[in-house]
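Same order as they appear, the protein sequences are chains L and R.
Following my numbering, the numbering of the first sequence begins with 1478 at its first residue and continues without gaps.
Following my numbering, the numbering of the second sequence begins with 1478 at its first residue and continues without gaps.
Where hints are given, some of them may not hold.
Since the list gives no way to pick out one identical chain from another, each pair is judged satisfied if it fits inside one copy or across any two copies.
To be verified - Mimicking SDA-like on lysine to any residue, the simulated pairs with C-alpha atoms at most 20 Å apart in a straight line are:
| id | residue 1 | residue 2 |
| --- | --- | --- |
| 1 | 1708 | 1736 |
| 2 | 1625 | 1751 |
| 3 | 1708 | 1537 |
| 4 | 1650 | 1697 |
Hints listed in this document are in silico derivations from the structure and should not be mistaken for laboratory results.
Residue strings, one per chain:
There are 2 protein chains.
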Amino acid sequence: MTNLINRQFCLASRPVGYLKEENLVFREVPVPQPSEGEVLVRVVYLSLDPTNRIWMSNMDQYMPPVELDAVMRGITLGVVEESRNPKFAKGDLVTGMLGWQEYALAEGTTGSAVRKLPRDMNAPLPAFLGPLGLTGCTAYFGLLDVGKPSEGDTVVVSAAAGAVGSIVGQIAKIKGCRAVGIAGSAEKCRLLTGELGFDAAINYKTDDLLAALDEACPDGIDVYFENVGGKILDAVLTRMNLHARVVLCGLISQYNATRPKPGPFNFSQILMKRVHLEGFIVLDYITRWPEAIHAIAGWIDEGRMHYAVDIVEGLENAPAALGKLFDGTNKGKLIIKVSEEP
Amino acid sequence: MTNLINRQFCLASRPVGYLKEENLVFREVPVPQPSEGEVLVRVVYLSLDPTNRIWMSNMDQYMPPVELDAVMRGITLGVVEESRNPKFAKGDLVTGMLGWQEYALAEGTTGSAVRKLPRDMNAPLPAFLGPLGLTGCTAYFGLLDVGKPSEGDTVVVSAAAGAVGSIVGQIAKIKGCRAVGIAGSAEKCRLLTGELGFDAAINYKTDDLLAALDEACPDGIDVYFENVGGKILDAVLTRMNLHARVVLCGLISQYNATRPKPGPFNFSQILMKRVHLEGFIVLDYITRWPEAIHAIAGWIDEGRMHYAVDIVEGLENAPAALGKLFDGTNKGKLIIKVSEEP
Chain L
1478 MTNLINRQFC LASRPVGYLK EENLVFREVP VPQPSEGEVL VRVVYLSLDP TNRIWMSNMD
1538 QYMPPVELDA VMRGITLGVV EESRNPKFAK GDLVTGMLGW QEYALAEGTT GSAVRKLPRD
1598 MNAPLPAFLG PLGLTGCTAY FGLLDVGKPS EGDTVVVSAA AGAVGSIVGQ IAKIKGCRAV
1658 GIAGSAEKCR LLTGELGFDA AINYKTDDLL AALDEACPDG IDVYFENVGG KILDAVLTRM
1718 NLHARVVLCG LISQYNATRP KPGPFNFSQI LMKRVHLEGF IVLDYITRWP EAIHAIAGWI
1778 DEGRMHYAVD IVEGLENAPA ALGKLFDGTN KGKLIIKVSE EP
Chain R
1478 MTNLINRQFC LASRPVGYLK EENLVFREVP VPQPSEGEVL VRVVYLSLDP TNRIWMSNMD
1538 QYMPPVELDA VMRGITLGVV EESRNPKFAK GDLVTGMLGW QEYALAEGTT GSAVRKLPRD
1598 MNAPLPAFLG PLGLTGCTAY FGLLDVGKPS EGDTVVVSAA AGAVGSIVGQ IAKIKGCRAV
1658 GIAGSAEKCR LLTGELGFDA AINYKTDDLL AALDEACPDG IDVYFENVGG KILDAVLTRM
1718 NLHARVVLCG LISQYNATRP KPGPFNFSQI LMKRVHLEGF IVLDYITRWP EAIHAIAGWI
1778 DEGRMHYAVD IVEGLENAPA ALGKLFDGTN KGKLIIKVSE EP
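So that you can see chain L by itself, here it is in the shape it has in the complex:
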């Protein structure tokens, strides 16, 4: 390797509330050498996702929390620089959880598993961390497998202008549903009902939520794709149809909480309306990801699905950029460009 230095963010302390500078430490360490069975990957793009904040905490969660002093966990796309694994060759493009760093060992006995990009798709590389990656798979399986919408159903999604939410609404439209998005600015709402083709959008910061739901969902709500929690969930629960489904995909309003947050005050509506509410983590569907990625790629090719990416240059900017997911300023799939595309 010509570049012998690997720069990385390690978790120095667990954030209380919003991530602060001191919670992550930026380190320079030698680029590791692959052992038998391993590959050395240069990270090109790092995906920033709300779940990163969960991993930094020690709450009871769906994966082990990132350990203190360990490299921060993150989903990445990279290029194989050196391979001692017969399944990978130098130059292969791969995705995997290689973390907030410039280089990482993968595969072998201790490295994270990586997957080669599909060969038959010609999309810009960042798309493979967005609609053609975990983000798209989250929207696809969460909506279709857990939400189980039928044609004509009303599908409501929160954080609708976000990376997952925007795809959820578009899939709902493709499946013949009424798509209603909840977002936090007039600009985002215009994006939803404009380019993204949602039937209606609600600005939760300025609209009267219940009145807006009544107007946007004249036939009630059949599927709610939940990314947020808190008062939005409470409002939506009062408008659910009998036997409606709630896909509990995220609770972004709670990830920076410094004290316990109550569940929905209208929890009893789950009983009264016989709602089916299910927690959903896309990793459970990993063997079926190709199905989602091919479907979404097809819709993009046909012009039926649109997406945006928000690329921030430089690994050193990752901590500050992560805040955009929680303060409402993020637009499109948030990705850090760590190094140049090959």
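For chain L, the structure is supplied; the task is to place chain R on it using the hints.
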């Protein structure tokens, strides 16, 4: 009719908090005469159920609230005194929602539907308002159809010594599960692990809930049958296994609330553990009730299922008796004896 007087409870005002005497008014009205297609039923037994308190309120619920000045809704067992409907004969025993009164018209164009008791079962009449009625069907379909337990699963039920909970745990045992009951007194816990055959019982009033759950559920919780809500639900949510199921059948801790109650503080665990939580109302399964009733009757005949009834004499005592469902003093299926068995 020799008795020309029908005594009945009507809803005078909606209770705030616990039911008070002034909320129900006891009236004497003439016994009605059946029109063509109707039958006149003399009520023998009236079932008292936690859901009665919901019906008295004007919260958003699964049936319309009882209207003010109307006869209080209730599930009853009675005998046909006079029939102008070819499907029913004088002397037939029937069940249906005939309300808190001594006589009621049923069938026809305006009367409540009633169902004849199964002819092939020889059980004491109160059993048809308990394990062989709505109570048993609630336990059966809630546990088996929504909870979907597999052999070896750990099933936890709250209000476990109650009419529904005690059957839930016994069905869990019959299906090869570990049954753990949560109840509110040492005496109830002894009943659970004694006569009813639960593997373990937790006294939520005196035990440390989390420690007790750890001891009672060494392999975690696969199915939680929820009748209570509040702090019990919060504790259980921290001990759920991956892809566990929560049958949301009741939230008795909230029915007398005078201010909004928060949902579970550990709501996020539904996401992290990918829990399937579903609201359940047994009326949705009414066409399948015979399946449950025959299964439960078989288990009772085989000595594999036990139940208790708590019979209070006299319709005039119904309001006071209802309080037993909420103050922890009820033991067994609570039934008002309104008139003599035929």
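Verification of the hints:
{"no.": "1", "hint": "1708 <-> 1736", "verdict": "both (16 Å within a copy, 17 Å between copies)"}
{"no.": "2", "hint": "1625 <-> 1751", "verdict": "both (15 Å within a copy, 16 Å between copies)"}
{"no.": "3", "hint": "1708 <-> 1537", "verdict": "between (23 Å within a copy, 18 Å between copies)"}
{"no.": "4", "hint": "1650 <-> 1697", "verdict": "within (17 Å within a copy, 40 Å between copies)"}
Checked against the numbered hints above, the structure violates none of them.
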